[in-house]
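There are 2 protein chains.
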Amino acid sequence: MLLPVIMSGGAGSRLWPVSRETLTKPFIELPDGRTLLQKTLQRTACLDGVSEVLTVTNKEYYFLTRDVYEATDTNVSHSYLLETIGRNTAPAIAVAALHAAAKHGEDVVLLVMPADHLIGNQKVFSKAVTVATDMAVNGWIVTFGVEPSTPETGYGYIEGGESIGDSGARRVVRFVEKPDLETAEKYIALGRFTWNAGIFCFTAKTIIAALAEYVPEVLEIAKKTLASSDSKTEPVVLGEEHFASSPDISIDYAVMERASKVAVVAADFDWSDIGSWSAMAELVQSDERGNRVNGEALLVDANNCYIQSDSRLVAGIGIDNLLVVDTPDALLVAHHSRAQDVKTVVKQLKLESHSAANYHRKVHRPWGTYTVLEEGANFKIKCIKVKPGASLSLQMHHHRSEHWVVVSGIAKVVNGERELLINANESTYIPAGHKHRLENPGLLDLVIIEVQSGEYLGEDDIVRFQDIYGRT
Amino acid sequence: MLLPVIMSGGAGSRLWPVSRETLTKPFIELPDGRTLLQKTLQRTACLDGVSEVLTVTNKEYYFLTRDVYEATDTNVSHSYLLETIGRNTAPAIAVAALHAAAKHGEDVVLLVMPADHLIGNQKVFSKAVTVATDMAVNGWIVTFGVEPSTPETGYGYIEGGESIGDSGARRVVRFVEKPDLETAEKYIALGRFTWNAGIFCFTAKTIIAALAEYVPEVLEIAKKTLASSDSKTEPVVLGEEHFASSPDISIDYAVMERASKVAVVAADFDWSDIGSWSAMAELVQSDERGNRVNGEALLVDANNCYIQSDSRLVAGIGIDNLLVVDTPDALLVAHHSRAQDVKTVVKQLKLESHSAANYHRKVHRPWGTYTVLEEGANFKIKCIKVKPGASLSLQMHHHRSEHWVVVSGIAKVVNGERELLINANESTYIPAGHKHRLENPGLLDLVIIEVQSGEYLGEDDIVRFQDIYGRT
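Quick mapping for you: the protein sequence lines, in order, are chains A and B.
Residue numbers for the first sequence follow the UniProt record's numbering, so the first one is 1 and each next one is one higher.
Residue numbers for the second sequence follow the UniProt record's numbering, so the first one is 1 and each next one is one higher.
Hints were generated in silico from the structure; no laboratory data involved.
One or more hints might be untrue.
What the hints assert, rightly or not - Lysine to any residue pairs mimicking SDA-like chemistry, simulated, CA-CA at most 20 Å apart:
hint: 1; chain 1: A; residue 1: K343; chain 2: B; residue 2: D301
hint: 2; chain 1: B; residue 1: K103; chain 2: B; residue 2: G49
hint: 3; chain 1: A; residue 1: K382; chain 2: B; residue 2: K343
hint: 4; chain 1: A; residue 1: K59; chain 2: A; residue 2: S408
hint: 5; chain 1: B; residue 1: K382; chain 2: B; residue 2: L457
hint: 6; chain 1: B; residue 1: K223; chain 2: B; residue 2: E213
hint: 7; chain 1: A; residue 1: K380; chain 2: A; residue 2: S355
hint: 8; chain 1: A; residue 1: K347; chain 2: B; residue 2: K103
hint: 9; chain 1: A; residue 1: K380; chain 2: B; residue 2: V300
hint: 10; chain 1: B; residue 1: K343; chain 2: A; residue 2: L299
hint: 11; chain 1: B; residue 1: K380; chain 2: A; residue 2: K347
hint: 12; chain 1: A; residue 1: K261; chain 2: A; residue 2: D461
hint: 13; chain 1: A; residue 1: K347; chain 2: B; residue 2: D301
hint: 14; chain 1: B; residue 1: K123; chain 2: B; residue 2: E213
hint: 15; chain 1: A; residue 1: K387; chain 2: B; residue 2: N294
hint: 16; chain 1: B; residue 1: K123; chain 2: B; residue 2: C46
hint: 17; chain 1: A; residue 1: K127; chain 2: A; residue 2: D48
hint: 18; chain 1: A; residue 1: K350; chain 2: B; residue 2: D445
hint: 19; chain 1: B; residue 1: K380; chain 2: A; residue 2: T344
hint: 20; chain 1: A; residue 1: K382; chain 2: B; residue 2: K223
hint: 21; chain 1: A; residue 1: K362; chain 2: A; residue 2: T344
hint: 22; chain 1: B; residue 1: K380; chain 2: A; residue 2: S355
hint: 23; chain 1: B; residue 1: K380; chain 2: A; residue 2: D268
hint: 24; chain 1: A; residue 1: K343; chain 2: B; residue 2: Q38
hint: 25; chain 1: A; residue 1: K382; chain 2: B; residue 2: P328
hint: 26; chain 1: A; residue 1: K343; chain 2: B; residue 2: K103
hint: 27; chain 1: A; residue 1: K127; chain 2: A; residue 2: L299
hint: 28; chain 1: A; residue 1: K385; chain 2: B; residue 2: I28
Source: prediction; values computed, not measured.
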């Protein structure tokens, strides 16, 4: 049995302002309208021998992840390990391997993949996975090496040694963390170095044994974490009690660089970690002057620019080599060569506790989304979208009253003692202090405009009485 | 008597996306929050001998102009000549001179000024006007010449000749339209050339006589236009009937370049026509790297950039010599050296009938403003602000119903047969087909959120029954 393990962690601060702490890289839309997470799921779900996909992510991203998976057409079941605190890849893989071994037996083959990489050629990928799976069954820890096209200094490199069998796999001589340019150029010239794609394949048994040998503390804490978590009901939420004390260590450093039976399989598929806006730009067809536009732009004497804009018109005049990325509340204008430095902006914004570092105007909730349209003294206007069958919590606000106008769909509303159905073009008023609940009993999205009034309009003025998403 | 005549015309397409057909250059806010029109009014209203200011503008801009004037603290009265069709400066000045002569006698001194120029030093300006006024009384047509600081190719030049008296004024030898760079450099080297500031001073009698001599057709049509318009009630709306047939000719070409008794007074005040974003940038203090920010920006390794943004955070990385101007629906990113080419973008947008060429999200009306917050299938949400004492027309929509939620102030509403007062945090519903009216009976702004629902939500679905602004 092959069990893909999707590791959905990375914030992707180099893809700010689209990627933010509340909507990380796996969830942002590529120019084709699909997310990296969705693509990762599709890519793994259609591999031979896969009937379940295990996702390791933060508890905060559970509902968003589930929404993405539900919107993706696959025939696999989903299981989740939800971290309440992040502790790097080694502890996460340790928990995943123990959990998988308990559920499917220790011979289950794990294919560990980051959620936020892009892989182009599915057939070639499947073939490489088949090679890796065969080797994993024979006790190998398998990595995937991408043929370098440039002396990239942002990736790790794998030096391949003797061939193993006739599959093109090689024994790993060593791993090298992000080298300097000179070293990277030497590696390319030497020819036996490949980029570490961050994808791993091994049986639960093999990786558990390796963890026991090289980082026994990580394995012990993983065992305790699972023992103290309820692993019978889905999703499995990992308690912090033990997990928080786990060493913060990557699987590369904990195991890969130390284990002896490590192989590298040639990853001949197109691969990108979409590590910056420059990489994102590559996904868009360029015009004859090298400009790539995802959105609406009017360019005059522009060359080699990437323009991304959701809803605003962008006019560019006499500009070269620029990245222009526009969102409702923040705009990035950067020189192409400085794409990596976007993360310094995010760091600075976080220092200033600027909302644009972490939050979007549009906020995802288990039941749907809301977008703040306008705020003023004593009022706030939101557009609220509730998924079919979804329900907000039964709640109450001390300081604000709310007007709800249904603009499409049908709403089932609890308003104090009353329960009523509200159709498009009808409204209701919830006075402060009234218990209320909003539900979408229909088959289409429910869209309402909420006008809040009150002296205090913070999101924390909420008392939840009942919630189907466990948020009381 | 000195009568300032403010000519409020120019679209200012080089200041797009802030300046648009519905909110032209005189009305856009400078970095100090005030408009060029407001500054022009203040500058002229405090001159000696001024008790009235006459404004010549398009009828479309009347209410907006009046709002600006009402918000400006001056002791002068306002009169207006409203064009329904634009016909350049000579016909406009002809009408203004005839109108002023009829009202104040032909010896009234006119100080004709564009509404969209910036003048720095009021004292020096006042002094220059005093010199000009004295000469105007003696029959001179007076122009104002700005000492050139650079060989500007975007301005007209005036060659000064023999001195007149001891005021520093000179007889004009000739006018030169925008020269090429080589010529402009020569002019600066020669020293007797100044920039034409576009400000003129003459008596009504002098200019009427000059118009009669050089462009009799313009004067005749101006007379007919006034005769066929109701010039007794304010504002005076100029009928199209005759005015439309007037030659489209500038006062420079019609009179200045031909008349013999033309003088140029030294305009030693700081002067700028704010002709582009580069000029606008100059109004903002620069940091040590030459960056000027009007709004919120986070700059990393940026040099000589101008950033203007109303509400969005702008992050700039590794950018040089850029103009970044952000508005709710359109963004401009241009190289500083291409500031003049913004007009080509506007031209292109107009060709495409793009709304961003002409309209803003926020729309000015005689009673206040509305801003479209969100639009979707069958719904539109507006934030409507009604000035104290103002009233929308009594109206009806065939295809849409409207929910009104008052978020601040108090509303007097006619809804079908009912008339009611609605306080903050209360709402009402106007079904399609109901006659309704919204009025602000209070002393503070009234702000309401309007949620429109219906199959058709175009602004043209309106039947007006009564309107205090004459729009029925």
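**Message:** Tell me the numbers of any earlier hints that the structure contravenes, in ascending order.
**Reply:** Going through the list in order, the structure violates hints 3, 4, 8, 9, 11, 12, 14, 15, 18, 19, 20, 21, 22, 23, 24, 26, 27, 28 and respects the others.
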